[in-house]
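> Turn these sequences into a full structure, and let the hints guide you.
Residues in the sequence shown are numbered consecutively from 1, following the working numbering.
In case anyone wonders, no lab produced these hints; they're calculated from the structure.
Predicted, not measured: the structure shown is a model, and the values here were computed from it.
Among the hints, erroneous ones may be present.
Result set (PhoX-like, lysine-lysine): computed pairs, CA atoms no more than 20 Å apart in a straight line [stated by the list, open to error]:
1) K134 - K114
2) K267 - K3
3) K184 - K241
4) K34 - K267
5) K52 - K109
6) K3 - K34
7) K184 - K244
8) K267 - K33
9) K134 - K109
10) K3 - K33
11) K51 - K33
12) K51 - K109
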Amino acid sequence: MIKLICSDVDGTLVPDGGHELNPEYFDQIRRLKKAGILFAAVSGRSYSSLKKLFAPVIDDILFICDNGARTIYQGSLLSCYTIRHELAMELVREIEALPGCTTYISALKDGYVKEGADELYRWLTEGYQLDITKLRRMPEDLPADDGILSVELYHPTAAEEIAHQGLYQKWHGHRELQLVCAGKQWMNFTPINADKGIALSEYQNMHGISPQETMAFGDNMNDASMLLRADYSYAIGNARKEIKGLTRFVADTNMNDGVLQVLRTIK
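Below is the structure:
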């Protein structure tokens with residue numbers, strides 16, 4: 001019997017940066033909860049964005065935010081991992097030096113971009129509906145008292161390709177950080193002890209839920225560790241081929257509400 005259903009958000013439930021869900025998702029989430037099945041939104045987004053997207057069912061679901069750096073249920077913080085401030089600043093300086101790239105920082109109190117990154121600011125605030133502060137200097141003006149959950153390289157079309165021109169080779173395998181692609185625009189750096197799969201595994205162990213009782217949906221490389229911890233693993237129809245290669249099933253695309261189609265079949 002399924003006890004936990006986990007789904008990525010961007011590229012899986014909605015297009016990247018989307019801020020509206022098909023309202024039937026809320027009906028299905030409530031129905032599943034009554035049947036003893038918990039739904040988890042597992043996303044690279046911060047809680048400030050997810051709680052708006054899932055507002056009608058905010059107390060009915062589990063939130064695994066910032067690619068696993070923070071887990072929240074019914075407003076209570078279950079786990080939280082941060083990046084050392086000095087390490088984050090070093091990383092941001094390298095990102096900001098790359099052609100066409102800039103940085104988004106997700107932190108406990110706020111999100112941060114630099115002044116002048118107007119396209120990114122609009123997308124984060126209007127699409128993702130994040131709470132964002134502009135900094136005159138990046139990273140020098142980062143508040144020292146705000147815990148950094150993730151550092152994200154942004155490029156409008158080719159984040160992964162640019163990162164593989166040296167940045168990836170330097171930071172991949174770092175003893176304090178994980179680096180993963182989250183879409184054509186994003187490369188995400190998170191604490192080494194925080195990713196979607198680790199956060200899911202911690203929750204499974206805490207509540208005695210096995211992979212055989214878990215279903216998961218995803219589309220990109222930052223979903224891989226989560227999908228590997230669910231026996232009922234689904235790549236969405238528009239997923240990367242690497243993700244389709246590691247899951248047991250393939251659902252329809254996000255534009256056709258592929259996840260919703262599967263949820264309707266669960267009794």
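> Check whether the Cα positions of K184 and K244 lie no farther apart than 20 Å.
Cα-Cα ~17 Å, so holds.
> Measure nothing beyond the straight line between the CA atoms of K3 and K34; if it is 20 Å or shorter, mark the hint as holding.
holds, 11 Å
> Check whether the Cα positions of K134 and K114 lie no farther apart than 20 Å.
holds, 5 Å
> Under the criterion that the straight-line Cα-Cα distance not exceed 20 Å, is the pair K267, K33 satisfied?
Holds. K267 to K33 sits at ~11 Å (cutoff 20 Å).
> Take the C-alpha atoms of K184 and K241, compute the straight-line distance between them, and say whether it is at most 20 Å.
holds, 14 Å
> Would the pair K52 and K109 pass a check requiring their Cα atoms to be no farther apart than 20 Å?
holds, 16 Å
> Regarding the pair K134 and K109, is the alpha-carbon distance no greater than 20 Å?
holds, 14 Å
> Need the status of pair K34, K267: alpha-carbon distance at most 20 Å?
Status holds; Cα separation ~11 Å.
> Does K33 lie within 20 Å of K3 when you go C-alpha to C-alpha?
Given that 20 Å is the threshold and the Cα spacing comes to 9 Å, the pair holds.
> What's the verdict on K267 and K3, does the C-alpha distance respect the 20 Å limit or exceed it?
Holds: K267 and K3 sit about 11 Å apart, inside 20 Å.
> Is the Cα-Cα distance between K51 and K33 20 Å or less?
holds, 18 Å
> Measure nothing beyond the straight line between the CA atoms of K51 and K109; if it is 20 Å or shorter, mark the hint as holding.
holds, 15 Å
Hint check: no violations occur; every hint is consistent with the structure.
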